[in-house]
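Taking the hints as your guide, dock the two standalone chains into a single complex.
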Amino acid sequence: MSDRDAFEDEMGFLRRPERDPDLAEFAGAVQAALVPSQAPGSELIVPRLAEAARATAPTVTAPAAIRTPAPRRRLGLAVRIAFVVALLPLFSAGLAVAGVKLPGPAQSVFESVGIDLPNQADEPAEAPDRGGAAGAGGAGERADDASGAPAAEPGAHGRENAMTERGHGREKSDPAREEGGGNGAHGQGEPGNSGQAPGHTRPLPPQSNGKAIGKTDGTPPGQAKKPLKPAKPSLPAASNGSRGGGAQGEPKAKGK
Amino acid sequence: MAPNRFSALLGAAREGDEAAWAEIYGELAPAVLGYLRGNGAPDPEDVLAESFLQVARDLDRFEGDWRRFRGWVFTIAHHRLIDARRHSARRPVELMAEPPEPELPVGEGAAEAALAKIGAGEVHRVLATLSEEQRAVLLLRIIGDLSLAEVAEALGKRIGAIKQLQRRGLAAVRRELAKEGVTL
Numbered sequence: 001m002s003d004r005d006a007f008e009d010e011m012g013f014l015r016r017p018e019r020d021p022d023l024a025e026f027a028g029a030v031q032a033a034l035v036p037s038q039a040p041g042s043e044l045i046v047p048r049l050a051e052a053a054r055a056t057a058p059t060v061t062a063p064a065a066i067r068t069p070a071p072r073r074r075l076g077l078a079v080r081i082a083f084v085v086a087l088l089p090l091f092s093a094g095l096a097v098a099g100v101k102l103p104g105p106a107q108s109v110f111e112s113v114g115i116d117l118p119n120q121a122d123e124p125a126e127a128p129d130r131g132g133a134a135g136a137g138g139a140g141e142r143a144d145d146a147s148g149a150p151a152a153e154p155g156a157h158g159r160e161n162a163m164t165e166r167g168h169g170r171e172k173s174d175p176a177r178e179e180g181g182g183n184g185a186h187g188q189g190e191p192g193n194s195g196q197a198p199g200h201t202r203p204l205p206p207q208s209n210g211k212a213i214g215k216t217d218g219t220p221p222g223q224a225k226k227p228l229k230p231a232k233p234s235l236p237a238a239s240n241g242s243r244g245g246g247a248q249g250e251p252k253a254k255g256k
Numbered sequence: 001m002a003p004n005r006f007s008a009l010l011g012a013a014r015e016g017d018e019a020a021w022a023e024i025y026g027e028l029a030p031a032v033l034g035y036l037r038g039n040g041a042p043d044p045e046d047v048l049a050e051s052f053l054q055v056a057r058d059l060d061r062f063e064g065d066w067r068r069f070r071g072w073v074f075t076i077a078h079h080r081l082i083d084a085r086r087h088s089a090r091r092p093v094e095l096m097a098e099p100p101e102p103e104l105p106v107g108e109g110a111a112e113a114a115l116a117k118i119g120a121g122e123v124h125r126v127l128a129t130l131s132e133e134q135r136a137v138l139l140l141r142i143i144g145d146l147s148l149a150e151v152a153e154a155l156g157k158r159i160g161a162i163k164q165l166q167r168r169g170l171a172a173v174r175r176e177l178a179k180e181g182v183t184l
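Keeping their order, the protein sequence lines are chains H and Y.
Its first residue numbered 1, the first sequence is counted upward by one per residue in the working numbering.
Its first residue numbered 1, the second sequence is counted upward by one per residue in the working numbering.
Just chain Y, same shape as in the assembly (with noise of 0.2 Å):
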């Protein structure tokens, strides 16, 4: 987004501007769901909503451009999942066997035929193969598209352990692929 652009699309949404807003959560809404939804968040749509109304009340606070923007909400969400995970932990949880499948027309770009190959299964149960933090570091980097700076932003971490994090994820992807014998 260019600069001026989401300086306007930024100060009509600090007045509360409904248009900005829809702008706003159309551009980083599904790939934040994304992101709720390859960790495992207990009510991913709850906790999206719960991420974006805190980004409304903290817009104040916020200075910076589009990319950073964007790193900002993923941090946001990453906070918000946590918390979830630990309201979640001290109540049952009826478990769901598999996440929801979305509704996607197969076949109209790489992703969905990447998708139609290994399939959604496939893929929650790769992402299971790997520890919280490798799936955090590469959805964000696959999902949020943050650069490893950002990644280290939104967890809290330094740079050098996400490099570690990504590296072994990667791996054990690889792994998981190889074992399965997708091959693509």
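Only chain H is shown next, with the shape it has when bound in the complex (with noise of 0.2 Å):
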């Protein structure tokens, strides 16, 4: 049913008297008890109505639109800048969750309120791969394992070899550049995945090609060759090299 139906229909006496014309002179009635003929009161009220109008009219036609938009718009950012930030820590938590390896940063954030994330290793099992990337495979994790107690304790021989390889790097340097060769001068290639500590500057017998001394038939400086022992002999060897790498970054920078 439309608004032209019945409904309408049933108001048809207003246009339509002898549809029913009780209702419609009812209507008239009322018409006539209730409308005036004329407005009553015009010549005050119409002054009134012009002077609203011209009060409402300036201050809302130039500044509405900037004006009418703003808390809105305010609001909204607000609340987007809240959502956004609100969804940073959940976002990193879950990235945590799924096993992602976050950064320190983020990390001392959570730290910070006394929430640990899971799957986050703790820093001493972090240093293997920063070893890693420094030395070359075993060799690395090795050193680096050893560069913890040789720091708190060093030995005659570290200590030694690590002051007088650093010089021996820096002089050999440029020398061992030159000469090219595959066994472990300084300045070759990647010292890095030679895995020679970087200083050891005393060319290698050819079968340990790059390998870290200690791990390989290699004499450190200064010490006769004796059989390999076992893991505890070879750490103070390993340790310097591993010092004098982890002190020499300009010959590994000044190799590549």
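Just so you know, the hints here were simulated from the structure itself, not pulled from any lab data.
Worth double-checking, as some hints may not be accurate.
Looking from chain H toward chain Y, a few residues come up when the C-beta cut is under 8 Å (computed) [stated by the list, open to error]:
1) L14
2) A29
3) V30
4) A39
5) S42
6) R48
7) L75
8) G76
9) A78
10) Q120
Only pairs whose alpha carbons sit at most 16 Å apart, straight line, appear in this in silico EDC-like list of lysine to aspartate or glutamate [what the hints assert, rightly or not]:
11) Y:K117 / H:D22
12) Y:K179 / Y:E122
13) Y:K179 / H:D22
14) Y:K157 / Y:E133
15) Y:K157 / Y:E132
16) H:K101 / H:D116
Small disclaimer: the values here were computed from a predicted structure and weren't measured.
Virtual Cβ for every residue (Gly too), placed ideally from N, Cα, C.
Okay, here's the thing in structure tokens:
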């Protein structure tokens, strides 16, 4: 049923009184009784109406575009920003749960509020990764493992070697680079990949072929060649190399 | 009113042209006042003035033709009527026995002829038997000349509810007219 249906026709007597004379007469009487022929007090109200329209017109037209939507925009922007800020830690925590290693600053934020993120390795466990990047494979690991202990209590050999090897390394890195060859001379190729601790400028036996001293048959300078004992005796040698290498960023960089 | 004419009138009224406002007020104020009187507004003339001041303040927001404008003015008047009722409910009201009789030259038209037969008192009595909503619907239809949809918009109701109110209101009017033996 539309507007122009029986319900509209119910009021059809307004247009055609013959449809319902009683109601038509009643409607006429209502109009005559309630609706005045002239608007009352128009001489008083009309100037006020014009004034009210003039007063509202300029304030609405000019700054309307700026004024009216601003609070909503600001509120919407604030809500969005708050939403994004609230999502950031959740996103980081989600990454941590998924097994992603978060960077230090992100972890520290959670640690500062007392939240331990899952799947985040502790600091000591992170060391092998860094050592692996500097050295080569197992040699690098061993060098880093050892770097903790000798650093606290360095042996005489280690200290001497480190000092002398630094000098040697600086002096001989350039010639070594010029000489070329693959026998672990400093300045060659990628020191990290060669696995040789920087500072060891003495040519190594051919069979060592770029492996860290201590792991191979190479003998540290100033030491007589002895049959290798398992693990312990080799650590200081490895620590020498790693410490020397750690202190010698320059030869590495030069080598590249 | 022709669309072009109304558009020019609206533009002039927005700029505060008194002649435009005099025309708008002259066209609509009598019907709005009749609606307010029929609904028993506490002080119809005051409510009428407040309604048109509200129209003047909000005129820049209005968009549409004359018919829509007419409905919009009645909507504002209905809201002001509700406000006036609430306001008067909080303070003692001096009740009037009879609403003021309009000064009408009797016998000049069909409406006046009908009023001469029925009488203003009878009109008010019949209207008083209707519920507030029935009365508002019938007065907006008769005095405001609004369609069902426009009445629904003015009163904030669904059109189906307006149809029911109209039907029941007309039935009540018929009953009252028959009861009093007003047969024309």
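Do the hints match the structure? See the list:
1. Interface hint status for L14 of chain H: upheld, as the beta-carbon distance to the closest one in chain Y is roughly 7 Å, under 8 Å.
2. With a least beta-carbon distance of about 4 Å to chain Y, the hint placing A29 of chain H at the interface is held under the 8 Å criterion.
3. Below 8 Å, beta-carbon pairs count as interface contacts, and V30 of chain H has one with chain Y at about 5 Å; its hint therefore holds.
4. Interface restraint check for A39 of chain H: the shortest CB-CB distance to chain Y comes to about 4 Å, inside 8 Å, so the restraint holds.
5. Hint status for S42 of chain H: holds, given a least beta-carbon distance of 5 Å to chain Y, under 8 Å.
6. A least Cβ separation of about 7 Å between R48 of chain H and chain Y falls short of the 8 Å threshold, and the interface hint therefore holds.
7. Contact between L75 of chain H and chain Y, as hinted, is not supported at the beta carbon level, the nearest pair being about 22 Å apart and thus beyond 8 Å.
8. Given the 8 Å rule on beta carbons, the hint for G76 of chain H is violated: about 23 Å separates it from the nearest Cβ of chain Y.
9. Restraint check, A78 of chain H versus chain Y: the minimum CB separation of about 27 Å is more than 8 Å; hint violated.
10. Given the 8 Å rule on beta carbons, the hint for Q120 of chain H is violated: about 58 Å separates it from the nearest Cβ of chain Y.
11. A distance of roughly 11 Å separates the Cα atoms of K117 of chain Y and D22 of chain H; the hinted pair therefore holds under the 16 Å criterion.
12. Proximity of K179 of chain Y to E122 of chain Y is assessed by CA-CA distance (about 12 Å); at most 16 Å being required, the pair is judged to hold.
13. Of the supplied pair hints, the one linking K179 of chain Y and D22 of chain H holds, its CA atoms being roughly 13 Å apart against a limit of 16 Å.
14. This hinted pair checks out: K157 of chain Y and E133 of chain Y have alpha carbons roughly 10 Å apart, not beyond 16 Å.
15. For the hint pairing K157 of chain Y with E132 of chain Y, the CA-to-CA distance comes to about 14 Å; that is within 16 Å, so the pair holds.
16. As the CA atoms of K101 of chain H and D116 of chain H are separated by approximately 13 Å, the hinted pair is consistent with the 16 Å bound.
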